[in-house]
Each structure stands twice: as C-alpha cells, then as structure tokens.
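Input sequences plus hints: build the corresponding full structure.
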Amino acid sequence: MTVAKGKQRTGGWFSNLKPQTRDNIVGYTFLLPNLIGCMLFTFLPVVFSLLISFTDWDYTKGFGNWNFVGVQNYLDMWQDEWFVDSLINTLVYTIAVVPITIFLALVISVLIDKYCFAKLPIRLAMLMPYISNVVAVAIVWVMMYSSFGPVTLLVKALGVENPPQWLADYTWAMPAVILMSIWSNVGYSALIYTSSIQGLPQDVYEAADIDGAGELTKFFRLTVPFLSPTTFFLVITNVITSFQIFAPIQIMTRGGPGTSTYVLVYYIYRSAFGYYKMGYASSMAWILFILIFIVTMIQWRQQKRIHDY
Amino acid sequence: METKRTLLWRLRRNDGFVIKRILFTVLIAMLAFTMIVPFLWMISASMKHELDVTKIPIQWIPDYFYPNNYLEVWNVGGNAKVDYHFGLAYFNSLKIAFFNVVGAVLTSSLAGYAFAKLRFKGRDVVFLLYLSTMMIPSQITIIPKFVIFDRLGMVGTHATLILPGIFTITGTFLMRQYFMQIPNELRESGKTDGASEFCIWWRIMLPMAKSSMAALGMMVFLWTWNNYLDALVFLPNWRLYTIPLALTSFIEESNTQYNLMMAAAASALIPVFIVFIIGQKQFVKGLTAGAVKG
Numbered sequence: 001m002t003v004a005k006g007k008q009r010t011g012g013w014f015s016n017l018k019p020q021t022r023d024n025i026v027g028y029t030f031l032l033p034n035l036i037g038c039m040l041f042t043f044l045p046v047v048f049s050l051l052i053s054f055t056d057w058d059y060t061k062g063f064g065n066w067n068f069v070g071v072q073n074y075l076d077m078w079q080d081e082w083f084v085d086s087l088i089n090t091l092v093y094t095i096a097v098v099p100i101t102i103f104l105a106l107v108i109s110v111l112i113d114k115y116c117f118a119k120l121p122i123r124l125a126m127l128m129p130y131i132s133n134v135v136a137v138a139i140v141w142v143m144m145y146s147s148f149g150p151v152t153l154l155v156k157a158l159g160v161e162n163p164p165q166w167l168a169d170y171t172w173a174m175p176a177v178i179l180m181s182i183w184s185n186v187g188y189s190a191l192i193y194t195s196s197i198q199g200l201p202q203d204v205y206e207a208a209d210i211d212g213a214g215e216l217t218k219f220f221r222l223t224v225p226f227l228s229p230t231t232f233f234l235v236i237t238n239v240i241t242s243f244q245i246f247a248p249i250q251i252m253t254r255g256g257p258g259t260s261t262y263v264l265v266y267y268i269y270r271s272a273f274g275y276y277k278m279g280y281a282s283s284m285a286w287i288l289f290i291l292i293f294i295v296t297m298i299q300w301r302q303q304k305r306i307h308d309y
Numbered sequence: 001m002e003t004k005r006t007l008l009w010r011l012r013r014n015d016g017f018v019i020k021r022i023l024f025t026v027l028i029a030m031l032a033f034t035m036i037v038p039f040l041w042m043i044s045a046s047m048k049h050e051l052d053v054t055k056i057p058i059q060w061i062p063d064y065f066y067p068n069n070y071l072e073v074w075n076v077g078g079n080a081k082v083d084y085h086f087g088l089a090y091f092n093s094l095k096i097a098f099f100n101v102v103g104a105v106l107t108s109s110l111a112g113y114a115f116a117k118l119r120f121k122g123r124d125v126v127f128l129l130y131l132s133t134m135m136i137p138s139q140i141t142i143i144p145k146f147v148i149f150d151r152l153g154m155v156g157t158h159a160t161l162i163l164p165g166i167f168t169i170t171g172t173f174l175m176r177q178y179f180m181q182i183p184n185e186l187r188e189s190g191k192t193d194g195a196s197e198f199c200i201w202w203r204i205m206l207p208m209a210k211s212s213m214a215a216l217g218m219m220v221f222l223w224t225w226n227n228y229l230d231a232l233v234f235l236p237n238w239r240l241y242t243i244p245l246a247l248t249s250f251i252e253e254s255n256t257q258y259n260l261m262m263a264a265a266a267s268a269l270i271p272v273f274i275v276f277i278i279g280q281k282q283f284v285k286g287l288t289a290g291a292v293k294g
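Here the protein sequences come in this chain order: A and B. Position 16 of the first sequence, counted from 1, bears residue number 16 in the working numbering, the numbering being contiguous throughout. Position 233 of the second sequence, counted from 1, bears residue number 233 in the working numbering, the numbering being contiguous throughout.
One or more hints might be untrue.
[Unchecked claim] For lysine-lysine, the following DSBU-like pairs were computed, each having C-alpha atoms within a straight-line distance of at most 30 Å:
1) K218(A) - K285(B)
2) K55(B) - K304(A)
3) K285(B) - K55(B)
4) K119(A) - K281(B)
5) K191(B) - K18(A)
6) K285(B) - K119(A)
7) K304(A) - K191(B)
8) K114(A) - K117(B)
9) K117(B) - K18(A)
[What the hints assert, rightly or not] So these bits of chain B aren't anywhere near chain A, every CB distance computed over 12 Å:
10) R119
11) S138
12) T157
Honestly, the hints are just simulated from the structure, not real lab data. Backbone N, C-alpha and C define an ideal beta-carbon position, used for all residues, glycine too.
Set out below in structure tokens:
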C-alpha cells in the first residue's frame, strides 16, 4: 500500500487513524464545502417547500403561524381560474415554442454544416440572443413590437393596414412572446445539433452517394434518424425551460392583457411575493415539479432504449 | 478547414456545388442577420436623439449621432437629469459574478474530484441525492430561500445571491465528468511520491482541468449576470440592484425614453459579448457539456 509512505512523512494523529477512516475524512473534506451549500440552499428548501405546500401559510401572519390543511391547496387550485389559465398558457407556449425552435435549429445547422462558407461567424451570430441578458432582450423586443418598431413596420410593409398592438392585444400577445422565445432559443439548439452533426459517420454518407441518393433522401433517411437522440435531448431540455418561462412575461406583458399571457411561474411569483400566499404558491411550484418530473422520466426511459441497441 | 487548393479543385470538379454553396451561404447569412437585427436596432436607437427614435421609416444609420445617451445613462459628468445609478448596478453585478465564479469553480472542482476519484463511505448515496435534485426547478427553492434569508435578516444584502450561487450541482457534475476521464495512474503515482490528497488535487488534477474550469466559470458568469428572479425577490432597493433590476427600474424612471433604454440595454449586453468572443471555445464547451453526457 502507498499509505505507508504517507505515514512516515506526516506522523501525528491523522496517520495513526485506520486507512479507511482517513479515506472517509479526506473524502468528506473535499465534498464538504459543496455539500453544506447544497444542504442549505437545495435539500433543506426542498423539504421545507414540500412541508408548507400542505399549509395555509400567509407570510404576513409570521413564521410558524400556519395550519396544516392536508392536500387542500392541491385541490383548490383546480377551481382557481388564474391557475388553470396559467397552466393552459404554459402548455400552449411550450407546444408552440419547442417544435418550431427544434425544427429551425435542425434545418439551419444541417445547411450551415453542408453548404456554408464562413461557418463560425454565422454560428456565433445565432448564439448571441441565447447568451444575452434576458431583461435587456425583453426590453429591446418591447420596442421592436411598438408602433414604430421594425416588426410593426415590416407587417405594414407586407400590406397589413392596421397591424395589432402586439403586446397589448389579447390575441397577439402570446404569439409575440412565442416569437421572441424562438428567436432567443434557436441558437442553443443549433449549437447542440452542430456538435452532433460533426460526429456523424461519413462512410455511410459516401455509401449513399455511391447509391445515388439525393440530398433530401439523405436528410430524411440518414441525418434525421442519426440525430434522433440529440433531437430527443433537445425536446426535453427545451420543454423544461419553456415550462419555467418568467422574465419575458414579467417585463413584456405582466401576464396581460387579461390572462392571455399569464404563465405558471409568473403566477407562482405573484402568489408568493405579491400576495404572500406561501403555502398555495409552494403547492403550485410542486405541480411544476411534477410536470418536469414526468418529462424527465420519459427522457430516462428513452435514453435507456437508445443505449440498448 | 478549406484550403485554397481543395476549393479550386472542387470548383473544377463540380461548379454546381460551389454555386449551391454560395447560394445557401447567402440564404443562411440572411437568416443569421435577422438574428442580430434586434441588436442592430438597439445600437442604432441608442445612438439617436429622442425625437429620431420614433421616426418612420426607420433610420438604421442615424443622420445625427447622439452618443450623449450613454453619458446620460452612466451619469458621466454628473449632469444627467436623473441619476439611474447604473454604474453602481454594474459594479454590484460584477461583484456578485466574481464571487460566484471563483466560489462555484472551487467548490465544484473539489466535490467533482471527490465524486470521481475518492473512495469514502456513503459517496454513492450522496451522489444519488445530488442527481435527484437536478430536476428540481429553482421556483421550488426560492420561497424557502426567501424565508430562510428573512429569518436570518439577510434579505437586502448581496449574500442572498452570492451564497447560493457558489454551490452549483450542475457544475459539480461537469467537473466530475472531467475528472472521471483522467486515468487513475496519475493519482497513484502522486501517492507513491508521498503527496497528500489535497496536494494531488491542487498540483496534478487542477492544472489538467483548466479548460473545464474555464468552461464552468463562463457558465456561472452567464447565469449570474442574467439572474433575474432571485434579484427581483431578494434585492429591495437601488443600492443593491444588479443589472437586470437596474434595467427594469430604468423603464419606470426614464418615462419610456427609448433612446436611453436602448443605451442601457446595450451597456448590459456588452460584458457577456466580450467574454463570449474571447472565450468562445470554452463557452461552447460549457454550453454543450450537458448535452453530450449521454
């Protein structure tokens, strides 16, 4: 064992311990800074959150002044119009954003990889929205959608005489937010696709060339199936981030007009820090968790299947 | 990598391919261009006088440049109509980002190393615990965090953002993944030389992990710089505001002076773009790290 040498060098109480005990001490010393933090700011809050989600705690009544009400919160929320609307809106938003983002990202990254000169600057340009400060971006888009902004003027130029006031319009507010989200997300998905495309087996494509396969055939018969694990990963991650949309809503629409852009996280935020209904807000946060949990479970099962063959 | 020679060779071999390539380059470049149109519009508007911003049609390159907007946002010279305390917010954001980046990289590489290379009792159980919290959305923990900080009297200090920010589970995974690839022999040889475990980590492992640490550092910088929800909940006044909050309070205070708002937004975006352009390789590595783990 290499332990013997350490023993001669250090001496003292530490080296007199059993090797196994020493390993444990060393291991936990490395882990401890991180573990303490995660205990305090993740594990403990999770337990606490679950606990208060079963109470009627109003924060203004003070700490500890709560009654356990069982699953009442989880039952009440389905009668709450705001909750139901925000849940539906979150799902609508997700169902719109995710497929469009991923389809665009796939087509763009394949085209860039195959045909483009100046690949790098184009890729960097596409990634810029994703890394930008979400608040700054949302403010810019508020201006873009204003009556003198490029979006409105473009729509006018296309022949629409009275374009809607996007963010103030009941029908158009959600599509406006969706468009902005696609714009800011597509770069990330394209980046992930790009790194997968670079790992595609070239010999299969050469074989297809010899067989005289056209570009479209190769795209649908080879590229799409080869990239399906990546596509799957991207669907899941995009769905999870879409469930959690908050900042653009808070800045661009505040959930309005009416409940047209009220989303789940925005309602959780309002309930907790606007109305101080901590118990109710926590129970809604756990509904969000359940949604994410279901999606993650699907991913794990799918990943297993992919690794099986 | 396309050398001149192969390009010429291709040209001779297959004219059609090159033409197709040029066509698609133009097409995709246009698409990429629409991606940066909002940024161009932002910069253009930030350089205009108030009255020129709302002019139709849009002057993409203003007739009259008005860089004073930036001076007013930053209150340079102290003669702005309203002091938006933008410089202070900038400082606050940089301060928090600095502590978070240094702290998170340090704790993650310590814990990542422990999970990857050290043997101790309960390691796998703790790791499973970490794994299980991966899918817990931050919206669940924010209410208890608020309660904890409020009980400790810490709401209204930057500690509310700095303390949780220096522990990242994702970062721990990233570092663990990296250390897993390093062969065990390196560690063994260090041990036979009589080096302590800490010494091995510091002298042998960390220098090898530099690029992963850089990638993680950039991710943490990005998260911290763009963190909005936590700042919104924990920071009550302008003395504490970070960039995202300074921007939102800007909307309210500037009476929707669009040129100023755009100058402020542009100022907020620039540091991340600089970090991004300098370290694009690590940045891309950090962004893709989660995806390729399989």
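### Task
Tell me, in ascending order, the numbers of any earlier hints that this structure violates.
2, 3, 7, 8, 10, 11
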